[in-house]
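Peer 1: Sequence:
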Amino acid sequence: MGVRRFVNLLVANRTRCTYSLRRFDLSRNQFFYESPEEVASHGRALPIQRYTEGSAYCPLKARKANGKNKKQLAASDIATIRLPPPLFTMRPTPCRPVKPDGQQLDAFALSDSKIILADRHCRVLSYDAATHCALTMPCLHAPKADPLSVSIPGSQQDDGEGSIYIIERILWPEKDQSFQFEALVSDRFRYRPFGLWGCQAFPLPPTSLLSEGALVCSVAAVGNAICVSISGAGTYCFDRASHAWSHAGDWMMPFFGTAEYVP
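Counting along the sequence shown from 1, when you hit position 227 you're at 229 in the working numbering, and nothing is skipped either side.
Warning: the hint list may mix true and false statements.
[Claimed, not checked] Label-pair distances were calculated between CB atoms; the ranges are: (1) R18 <-> R171: 45 to 51 Å; (2) G215 <-> D252: 16 to 22 Å; (3) N226 <-> I172: 24 to 30 Å; (4) A144 <-> A14: 18 to 24 Å; (5) T95 <-> S43: 47 to 53 Å; (6) A144 <-> S43: 45 to 51 Å; (7) F34 <-> T138: 33 to 39 Å; (8) E40 <-> G251: 33 to 39 Å; (9) T95 <-> D241: 34 to 40 Å; (10) C97 <-> T17: 36 to 42 Å.
The set of hints was computed from the structure by calculation and includes no laboratory data. Ideal placement from N, C-alpha and C gives every residue a C-beta, glycine not left out.
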């Protein structure tokens with residue numbers, strides 16, 4: 003497994019309704035242990051905290067009762083991290099009619115340096131943190147409420163910049179074209195020094211397998227397939243070449259969210 007050189011962080015400013023992209027250089031910020039031995043030497047077992055609904059107990063409240071300030075307690079428990087200056091700042095245009103999430107911005111990691119941003123109007127922008135270059139991209143077919151994404155690196159065969167597959171976390175039985183699963187795909191033509199991007203919509207798993215509001219628990223790219231684990235339905239694989247779904251089994255992948263292999 004390789005080690006990432008950077009951590010990209012998208013920071014939301016709710017007051018100004020802006021988003022800023024900040025980048026941590028891991029050679030200067032030690033966020034992670036560098037070896038399994040270091041993990042073992044510094045690791046510790048943390049007790050599982052269980053609080054019942056309406057419980058009045060909270061660790062900070064209990065310690066504040068001793069006369070300590072909540073802010074001082076939080077500072078003593080959490081090390082301070084100074085954010086690097088923003089590389090890129092943008093403000094999404096509100097939707098009409100105005101909605102609570104009308105200025106929400108979704109971020110998808112295409113690579114270690116390239117981040118794809120999508121707003122509620124389906125507009126898409128790619129930003130390369132290494133070259134500081136912004137690229138306008140094809141719009142999505144429909145905005146996403148709570149998406150999961152998995153990126154596919156470009157291959158030497160197509161010489162493209164890769165692709166990113168986006169699927170809604172909550173799937174509803176498909177009615178005509180619902181655009182709950184789509185991808186931004188690039189390829190490179192001769193005599194062009196950059197990739198040409200397109201947006202493709204794909205079918206959901208067989209509708210007979212989906213109940214209303216089926217929860218996608220985990221997503222991962224395995225070879226030429228996109229594997230999706232759906233609560234109560236098992237795991238299904240989408241073949242990126244044939245665009246066909248197949249049933250992998252009744253088991254679930256052992257994680258929640260998106261898993262990514264870093265070579």
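Peer 1: Hint by hint, work out which the structure violates, then give me just those numbers in ascending order.
Peer 2: 1, 10
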